[in-house]
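A.B. asks: Counting in the working numbering, the first sequence runs from 595 upward without gaps.
Don't read these hints as lab results, they were simulated from the structure.
This one's a predicted model, so the numbers in the text were calculated from it and none came from an experiment.
We treat Cβ as the ideally placed atom computed from N, Cα and C, and that holds for glycine.
Hints should not be assumed to be uniformly reliable.
[As the list claims (entries may be wrong)] Now the in silico label distances, taken between C-beta atoms and shown as ranges:
(1) Arg639 / Gly616: 22 to 28 angstroms
(2) Thr617 / Pro662: 20 to 26 angstroms
(3) Asp645 / Gly684: 37 to 43 angstroms
(4) Arg692 / Gly667: 23 to 29 angstroms
(5) Tyr615 / Lys657: 33 to 39 angstroms
(6) Ala601 / Leu682: 17 to 23 angstroms
(7) Gly684 / Met599: 32 to 38 angstroms
(8) Arg639 / Leu682: 37 to 43 angstroms
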Amino acid sequence: MKADMQAMRDAILAVVAAIPYGTTMSYGAVARAAGYPRHARMVGRVLAHCDVDVPWHRVVNAKGQISPRGLDGSDDLQRVLLEAEGVLFGAESGKVQR
DNA sequence: TTGATGACAGACG
DNA sequence: CCGTCTGCCATCA
């Protein structure tokens, strides 16, 4: 049933797009807010699909850090974008100050 | 259809 | 506090 998947993807995008400026949210939190407390990984899959209409850089893992996806530059870019929005990172740990 | 994989989370040691 | 294992679930080969 791809229609269900579409609804899930739309819900996730809606939640991520609803994240306030200067705020970060974990995958589990986004998945839960979207109505899928077990689809934390699906959140990453949707964001990894290169959604430019969504502040994907505000989404981090449960550790409060940026998830290394293998593509260098993207993770670094995310940190820069968050810092530009007022999100402070631990210089040593790289964790967001939530 | 089965098996393996993954922008994760939570539990365990 | 940190590293490792397991569980969840959709997507890919």
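A.B. asks: Out of the numbered hints, which ones does the structure contradict?
C.D. replies: Hints 3, 5, 6 and 8 are the ones this structure does not satisfy, whereas the remaining hints hold.
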